[in-house]
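**Q** One-letter residues, chain by chain:
2 protein chains.
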Amino acid sequence: MKKNTGKPKSLFLDDANTCISTDLYQLTMIAGYFEHGINHKSTFELFVRDLPERRSYLIAAGLEQAVHYIANISFTAEYVKYLKELPVFKNVSNKFFNYLEDFSFKGDLYAVPEGTVIFANEPIIRVTASMIEAQIIETYLLSIINYQTLIASKASRVVFAADGRKVIDFGTRRAHGPQAGVLAARACYIGGCVGTSNVLAARELGIPPIGTVAHSWIMAYGDEYESFQDFHNVFPDNTVLLIDTYDTIKGAKLATKIGMKLKGVRLDSGNITLLSKRVRRILDEAGLGHVKITASSDLNEYKIAQMLAKGACIDSFGVGTEMVTSKDTPALGGVYKLVEQEIKGKVVPKMKLSKEKETYPSKKQIYRFLNKRGLYKKDIIGLVDEEFDAEELLQPIMKKGKLVYKIPTVKQIQKTVEKNMSRLPKKFKDLNCKTAYPVTISRRLKKVMEKIKSGHIAF
Amino acid sequence: MKKNTGKPKSLFLDDANTCISTDLYQLTMIAGYFEHGINHKSTFELFVRDLPERRSYLIAAGLEQAVHYIANISFTAEYVKYLKELPVFKNVSNKFFNYLEDFSFKGDLYAVPEGTVIFANEPIIRVTASMIEAQIIETYLLSIINYQTLIASKASRVVFAADGRKVIDFGTRRAHGPQAGVLAARACYIGGCVGTSNVLAARELGIPPIGTVAHSWIMAYGDEYESFQDFHNVFPDNTVLLIDTYDTIKGAKLATKIGMKLKGVRLDSGNITLLSKRVRRILDEAGLGHVKITASSDLNEYKIAQMLAKGACIDSFGVGTEMVTSKDTPALGGVYKLVEQEIKGKVVPKMKLSKEKETYPSKKQIYRFLNKRGLYKKDIIGLVDEEFDAEELLQPIMKKGKLVYKIPTVKQIQKTVEKNMSRLPKKFKDLNCKTAYPVTISRRLKKVMEKIKSGHIAF
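Chains as they are written, first to last, in our numbering: chain A, 5 to 463; chain B, 5 to 463.
No lab work stands behind these hints, which were simulated from the structure alone.
Just so you know, not all the hints are guaranteed correct.
Where chains are identical, the list cannot tell them apart; a pair therefore holds if satisfied intra-copy or between any two copies.
[Unchecked claim] Listed next, the in silico DSS-like pairs over lysine-lysine satisfying Cα-Cα at most 30 Å (straight line):
id: 1; residue 1: Lys457; residue 2: Lys254
id: 2; residue 1: Lys367; residue 2: Lys13
id: 3; residue 1: Lys99; residue 2: Lys348
id: 4; residue 1: Lys254; residue 2: Lys404
None of the values given here were measured: they were computed from a predicted structure.
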């Protein structure tokens with residue numbers, strides 16, 4: 005335990021402390037495995053048991069940060085000392101702590117590329133490594149993949165609802181802490197947003213940073229028009245004005261006085277659908293047909309679809325809270341389960357039998373079948389060595405601890421999502437999820453499960 | 005924009021990059037203020053407009069990380085260069101960027117101590133500084149305070165529902181990214197949890213790290229009892245066994261064979277209320293009355309209250325997803341609004357007039373009145389210089405950029421919450437929020453608002 009130095013703590017993560025950015029039981033279990041010489045080659049798969057409510061598909065995201073973590077995990081002396089002194093470890097031998105000091109991940113990692121459309125029970129990541137190496141990474145891996153996948157999926161729904169109009173991530177202030185804001189910006193961009201208000205994410209990832217102006221700017225002035233002029237003065241090519249501080253219609257009329265260089269206006273309160281039509285008319289009548297209207301104010305995919313159905317004149321949507329917290333379904337229940345072990349040269353499939361939480365055993369692959377028009381038709385979850393006339397979604401990412409995969413840029417991933425979403429038939433994109441995409445398991449996988457259940461395979 | 009080096013990116017925050025961990029418009033606005041010489045002494049207040057659904061109170065949290073940020077914010081040459089090269093800043097003078105290189109926060113900060121019970125519209129933080137200094141910190145401040153306050157409040161409900169039984173944070177894997185896991189662990193502990201599974205949070209903050217064992221441990225063995233024995237072997241004083249991997253009742257019976265040194269068992273699936281009673285009997289009949297039963301599996305305050313009402317024999321609850329995402333209401337709408345400026349020596353109150361989003365002007369204080377038994381009776385939000393026979397909740401934290409407040413440990417904050425919750429009458433703790441705590445605004449504050457609305461004060 006660190007002593008209280010009276011200095012406020014940052015609670016930042018870094019490459020040194022991620023080794024203990026995990027659940028205690030991962031560390032006690034690996035100590036237990038070590039002490040009992042249990043370190044068989046083991047395979048774990050990360051998947052989502054059931055699609056969350058109101059989701060008919062997921063967009064896989066977060067692999068880049070997962071790989072960063074796995075490629076860099078190590079235990080410096082400082083952290084080993086901390087663990088050694090925890091009472092729970094008092095019966096654990098020094099050998100274990102020496103092992104930790106030399107620890108690095110030397111296993112294999114397979115994953116679906118970021119931006120892949122996935123469904124329930126489909127492995128997003130497959131890890132084959134010594135039991136200890138595979139176990140230790142569980143919690144961090146889940147926390148990265150669960151969140152980014154949740155948000156990329158939500159963003160793709162919002163972008164779908166916006167039907168060709170632009171969507172911008174404005175969510176940083178409501179994300180679950182500062183790092184969540186950055187991760188959300190990444191996932192939203194992957195899901196199809198055109199940019200983010202988060203400058204750090206923009207810089208790190210090459211996402212366009214986008215912003216307008218806040219009410220405090222307008223309120224810092226006695227006069228609304230003076231505030232507009234002064235803003236235009238400093239940002240002549242980026243004059244997007246917030247016009248609802250006092251009265252949206254009056255604000256719109258004042259904004260037109262900026263003239264042809266006005267780039268856009270933002271509506272942030274009131275009946276935005278109605279106001280957008282009136283503001284559009286005011287702009288058009290002033291000869292400012294090129295001026296864009298941005299809307300914000302607790303938007304989500306449902307509201308956006310409704311606004312557009314009612315003929316709202318909106319060119320871009322600034323979406324925050326609802327997108328970066330995935331507010332209608334704010335957690336993704338990804339799990340990471342042991343599916344196979346090699347014991348004395350023998351491959352032993354593993355599965356959890358408890359009724360509600362049964363898992364599929366063995367190393368698996370997702371086989372995706374396309375129809376004649378190249379659209380997604382159905383998936384089969386099968387064993388890795390099956391041969392189907394289908395796309396195989398899991399690809400090698402790391403071999404023996406080394407990266408064997410070219411990490412794409414977020415721009416490339418966004419393109420992948422665009423392409424994939426165009427191949428997902430429209431009925432599966434319905435915001436109310438009326439139709440489930442067909443996913444079955446292969447005959448061979450079924451057989452393995454039957455053998456385990458009937459006791460023909462020890463597990 | 006950073007070039008893609010092909011190296012996977014961590015997306016960690018640190019003391020250098022927090023300066024741009026903000027919304028772009030904060031940076032454009034401060035550039036605008038700078039260029040127009042607008043840098044009056046200004047006061048902003050951070051508050052929550054409406055309590056979220058299903059919440060009748062909030063527990064303020066996150067001040068320590070907010071203070072860390074404010075005390076350390078600076079712009080290194082690297083970040084100034086990045087901003088300078090953004091096209092949006094092309095008309096901004098070099099003087100502004102020189103100003104940024106010398107930037108530090110030199111203002112005053114008032115806040116309610118972490119662990120304070122607060123309600124809608126009550127200022128949690130009040131910042132008085134130059135307009136630029138006060139503006140630049142908005143987004144980061146909100147992202148810290150919104151999340152930790154959301155989670156401390158949720159945790160306090162879960163702890164209330166557990167009615168004296170222990171609650172442990174198990175949520176890291178479902179929190180919104182790795183840092184959210186650490187921040188959640190802190191907020192949950194503040195809210196009354198006895199510990200966390202998050203080892204990094206435990207180390208940084210001195211919170212007890214708590215863990216049992218996962219299904220993968222049991223599944224790594226062919227034989228369930230052998231897995232129990234081996235675990236006990238390495239952790240003789242911390243043997244808490246997960247007994248539901250195959251069959252909870254059989255698992256419980258096997259666990260009793262460990263004998264008197266068995267510390268606890270964990271139930272993670274099935275009808276936990278029913279199973280807990282049967283398991284309790286099995287343990288008691290084996291003479292293991294001291295062995296504790298822990299329950300987990302998507303628990304929340306509603307389920308816990310229901311389980312206990314039905315007589316569940318549970319000593320501690322491991323709560324994850326629902327607590328760390330505040331799943332029933334996953335975002336807190338904290339805002340940060342300009343309330344006052346000093347212009348040429350004259351104090352000018354500021355308020356936003358738009359109907360739905362009206363704000364209260366002027367520097368404010370929360371006055372909390374106690375009844376004869378020392379319980380919370382009502383709050384009045386008033387001007388800072390009013391005199392009431394009441395507790396004044398906002399306290400000085402920083403003056404002229406220097407910390408003037410002793411940052412408490414999380415243990416101390418937890419004690420504060422305990423004391424405060426004991427002073428909040430029980431009717432306001434009802435999980436279904438049937439009664440609203442009385443909060444009004446003072447006559448003097450009302451007068452200021454009336455004067456502004458009638459145009460007697462320029463604003």
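**Q** Please go over all the hints and tell whether each is borne out by the structure.
**A** Hints, one by one, checked against the model:
| no. | hint | in the structure |
| --- | --- | --- |
| 1 | Lys457 <-> Lys254 | between (72 Å within a copy, 17 Å between copies) |
| 2 | Lys367 <-> Lys13 | between (43 Å within a copy, 28 Å between copies) |
| 3 | Lys99 <-> Lys348 | within (23 Å within a copy, 70 Å between copies) |
| 4 | Lys254 <-> Lys404 | neither (65 Å within a copy, 40 Å between copies) |
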